[in-house]
Amino acid sequence: MKHKKDYALFIILILGYLIGCQNDVTDVTNEEIYTVWTNAITDSEFQSACGISTTDGYYVNVEENSSILWDLSEKLSSLLSNKDPHYWTKSKIKDWFIGRGFGESESTQEAAWITTVDHGFVVSRTRGTVYYILK
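Residue 24 in the numbering used here is what sits at position 24 of the sequence shown, and the numbering runs on without skipping anything.
Hints are not guaranteed to be accurate.
[Claimed, not checked] Simulated restraints, written as ranges between beta carbons of each label pair: (1) SER44 to GLY99: 15 to 25 Å; (2) PRO85 to THR129: 37 to 47 Å; (3) GLU32 to GLY128: 26 to 36 Å; (4) ARG127 to ASN30: 31 to 41 Å; (5) ASN30 to SER53: 38 to 48 Å; (6) TRP113 to GLU74: 31 to 41 Å; (7) SER91 to SER48: 30 to 40 Å; (8) GLU32 to SER53: 31 to 41 Å; (9) GLY51 to ASN30: 37 to 47 Å; (10) ASN30 to THR55: 17 to 27 Å.
[Stated by the list, open to error] List time: in silico EDC-like cross-link candidates among lysine to aspartate or glutamate, alpha-carbon distance up to 16 Å: (11) LYS75 to ASP43; (12) LYS92 to GLU104; (13) LYS75 to ASP56; (14) LYS90 to GLU64; (15) LYS90 to GLU31; (16) LYS92 to GLU106.
Quick caveat, the hints were computed from the structure, so don't treat them as lab data. Note that the structure is predicted; figures quoted are calculated from it, not measured. Ideal Cβ positions, reconstructed from N, Cα and C, are used throughout, including at glycine.
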């Protein structure tokens with residue numbers, strides 16, 4: 001009889017543990033989750049891979065809706081071959097922009113933009129480093 005009680009207690013403990021666990025992709029604030037990739041490379045690596053020169057202190061956002069932009073996106077994606085995607089909320093994406101030197105209003109604007117397009121990316125350069133986020 002003691003074994004049945006131990007077994008029942010064990011099952012209750014396991015169920016309690018499993019119910020208490022949170023799924024990594026579910027956000028407690030009920031914000032929508034977006035799949036994005038991020039990377040930081042040198043300006044020379046970016047120029048070599050994409051054939052585009054960037055300007056220090058500037059950024060550009062691009063919606064992928066033409067064959068030329070898809071080609072550029074493919075080049076950026078190839079630089080992410082060893083990167084896993086992030087599953088982020090809009091606020092986490094905004095934090096990424098802030099961490100890359102974007103101001104409050106720019107971060108809000110770009111996070112709102114990238115979360116509304118089907119596919120797009122933002123590329124920015126700070127000194128010799130090019131940062132980009134791809135959705």
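Hint check results:
no., hint, in the structure
1, SER44 to GLY99: 15 to 25 Å, "23 Å, holds"
2, PRO85 to THR129: 37 to 47 Å, "21 Å, violated"
3, GLU32 to GLY128: 26 to 36 Å, "35 Å, holds"
4, ARG127 to ASN30: 31 to 41 Å, "38 Å, holds"
5, ASN30 to SER53: 38 to 48 Å, "42 Å, holds"
6, TRP113 to GLU74: 31 to 41 Å, "21 Å, violated"
7, SER91 to SER48: 30 to 40 Å, "34 Å, holds"
8, GLU32 to SER53: 31 to 41 Å, "35 Å, holds"
9, GLY51 to ASN30: 37 to 47 Å, "42 Å, holds"
10, ASN30 to THR55: 17 to 27 Å, "39 Å, violated"
11, LYS75 to ASP43, "14 Å, holds"
12, LYS92 to GLU104, "13 Å, holds"
13, LYS75 to ASP56, "21 Å, violated"
14, LYS90 to GLU64, "19 Å, violated"
15, LYS90 to GLU31, "7 Å, holds"
16, LYS92 to GLU106, "14 Å, holds"
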